[in-house]
Amino acid sequence: MTTLKAILTELLGLFLDDGRLAGAILAWLVLGYLLLPRFGLPFGIGAFALFAGLVTILVESVLREASGRPG
Amino acid sequence: MLHTFSCALAAFAASLVEFVEALTIVLAVGAVRGWRGAIGGAAAALLVLGAVIGIFGPALTRIRLGAVHLVLGTLLLLFGMRWLRKAILRAAGVIPLNDEAASYARQTAALQDAGRAAVAWDKLALATAFKITMVEGIEVVFIVIAIGAGGPGLLLPASFGAAMALAVVILLGVALHRPVATIPENTLKFGVGVLLSAFGTFWVGEGMRLAWPGGDLSLALLVAGYLAAALGAVSLCRSRRRAGA
Numbered sequence: 005m006t007t008l009k010a011i012l013t014e015l016l017g018l019f020l021d022d023g024r025l026a027g028a029i030l031a032w033l034v035l036g037y038l039l040l041p042r043f044g045l046p047f048g049i050g051a052f053a054l055f056a057g058l059v060t061i062l063v064e065s066v067l068r069e070a071s072g073r074p075g
Numbered sequence: 060m061l062h063t064f065s066c067a068l069a070a071f072a073a074s075l076v077e078f079v080e081a082l083t084i085v086l087a088v089g090a091v092r093g094w095r096g097a098i099g100g101a102a103a104a105l106l107v108l109g110a111v112i113g114i115f116g117p118a119l120t121r122i123r124l125g126a127v128h129l130v131l132g133t134l135l136l137l138f139g140m141r142w143l144r145k146a147i148l149r150a151a152g153v154i155p156l157n158d159e160a161a162s163y164a165r166q167t168a169a170l171q172d173a174g175r176a177a178v179a180w181d182k183l184a185l186a187t188a189f190k191i192t193m194v195e196g197i198e199v200v201f202i203v204i205a206i207g208a209g210g211p212g213l214l215l216p217a218s219f220g221a222a223m224a225l226a227v228v229i230l231l232g233v234a235l236h237r238p239v240a241t242i243p244e245n246t247l248k249f250g251v252g253v254l255l256s257a258f259g260t261f262w263v264g265e266g267m268r269l270a271w272p273g274g275d276l277s278l279a280l281l282v283a284g285y286l287a288a289a290l291g292a293v294s295l296c297r298s299r300r301r302a303g304a
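Protein chains in written order, with the numbering used here: chain A, 5 to 75; chain B, 60 to 304.
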């Protein structure tokens with residue numbers, strides 16, 4: 005049981021480091037999956053929106069970390 | 060005869076594009092995390108693919124490629140963004156840079172302490188190389204089956220074309236792995252984060268049936284976009300820390 009827990013923890017650690025970053029990525033992907041194809045956006049705009057959202061999440065995450073850590 | 064040749068050539072060219080995409084990631088992961096895990100992951104994916112093709116054959120065309128892209132793309136994005144985030148924070152001086160000499164000394168000491176660790180597999184390298192090879196490999200299977208469905212007896216030349224493309228890419232990998240290994244580790248990690256994020260975004264978009272302008276070519280735009288955003292984030296982090304100091 006302890007071994008199984010250790011394996012699961014390690015496996016999860018491969019994907020999740022900053023929980024907020026992982027949560028935000030997953031939330032954006034679910035929103036994108038549900039909403040983007042339904043808007044009938046012009047060619048390429050949906051793909052750009054997906055990318056722009058992910059970049060925003062990444063930049064917010066590093067800025068939050070940079071502000072929170074002592075210099 | 061001409062039709063057979065053109066069929067093999069088409070399968071070769073299309074498969075080459077997919078295999079080169081996989082090679083890019085496998086090379087980068089191998090240089091950063093070690094060749095054993097990267098090559099092991101890629102080889103395992105090829106073995107699994109071979110077994111799946113052997114068992115299911117043309118029935119594989121019924122798989123929903125969109126679902127495969129969506130699931131594996133999401134996992135790759137979680138990997139890639141996590142990696143890129145750390146690389147940005149390191150480059151900005153928020154977290155310490157990995158000193159390669161010190162890291163080598165630490166690892167050597169650890170390996171001397173625990174002999175078993177010397178044979179350990181790098182799970183991250185294994186998983187990343189496995190996923191990229193699996194996804195690109197599935198696409199190659201689709202290409203071969205689609206081209207092979209063009210007429211009777213065309214499946215064999217299409218398979219031959221794809222096998223030749225794989226052989227060329229393996230030779231390319233052997234030739235390129237040393238030059239890639241000379242790139243500084245932290246630079247390489249930054250690059251791997253950018254590549255994984257770009258590929259993950261592309262696949263997720265494909266899985267959502269979003270239209271990518273230029274098809275596969277938009278991967279280059281995604282790489283450029285993530286690189287620009289990451290470099291911009293490094294500058295922003297530095298200035299924010301200077302302002303806070």
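FYI, nobody ran anything at the bench for these hints, they're computed from the structure.
Model, not experiment: these values are computed from the prediction.
A virtual CB, placed ideally from N, CA and C, is assigned to each residue, including glycine.
Among the hints, erroneous ones may be present.
[To be verified] Computed, partial: chain B to chain A, Cβ under 8 Å:
#  : residue
1  : 95
2  : 141
3  : 144
4  : 149
5  : 151
6  : 264
7  : 272
8  : 276
9  : 278
10 : 281
11 : 282
12 : 283
13 : 288
14 : 290
* What are the numbers of the hints that this structure violates, sorted from low to high? -> Hint check: 1, 4, 8, 9, 11, 12 and 14 fail, others pass.
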